[in-house]
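Please work from the sequences and hints to get the whole structure.
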Amino acid sequence: MAARLGDLAETRDFYRDVLGARHLATFEAPGLLFSDFAGTRLLFEADTRPAIVYFWVDDLEQAHTALEERGVAFDAAPHRIHRDEEGVFDNPGTEEWMAFFKDPAGNTLGLATRRRP
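Everything in the sequence shown is counted per numbering that gives the first Met the number 0, starting at 0 for the first residue and increasing by one.
Keep in mind that the hints were calculated from the coordinates and are not lab data.
Accuracy of the hints is not assured; some may be wrong.
Derived CB-CB ranges, DEER-like [as the list claims (entries may be wrong)]:
{"#": "1", "residue 1": "Thr107", "residue 2": "Leu23", "range": "20 to 26 angstroms"}
{"#": "2", "residue 1": "Leu42", "residue 2": "Ala72", "range": "23 to 29 angstroms"}
{"#": "3", "residue 1": "Thr47", "residue 2": "Arg15", "range": "42 to 48 angstroms"}
Note that the Cβ used here is the ideal one computed from N, Cα and C, for glycine as well.
As structure tokens, then:
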């Protein structure tokens, strides 16, 4: 996963201290940062386009509240993004709910879950 970097230390601290990722390594030159989320490794690379990373959660409201308490500013409250009538992403008729925020480098992050209406 590549994502645009701002300040390496600020990005490292946000993913480690706010989102709970394990910091693996930082290489100032050429501007690389590696983080791990329970076996999913993210590479943050300087001078690349912004990325969107989705974090799947079981309880969207609880995760939203917990991150707000850590100082995360969300673009909007959790809301329905899509009703999957055909079952393209999951069971037909389920809804996808999300809440979006940004990391210090300007990458969009989303909390996501699926619900039955």
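Going back to the hint list, which numbers does this structure go against? 3
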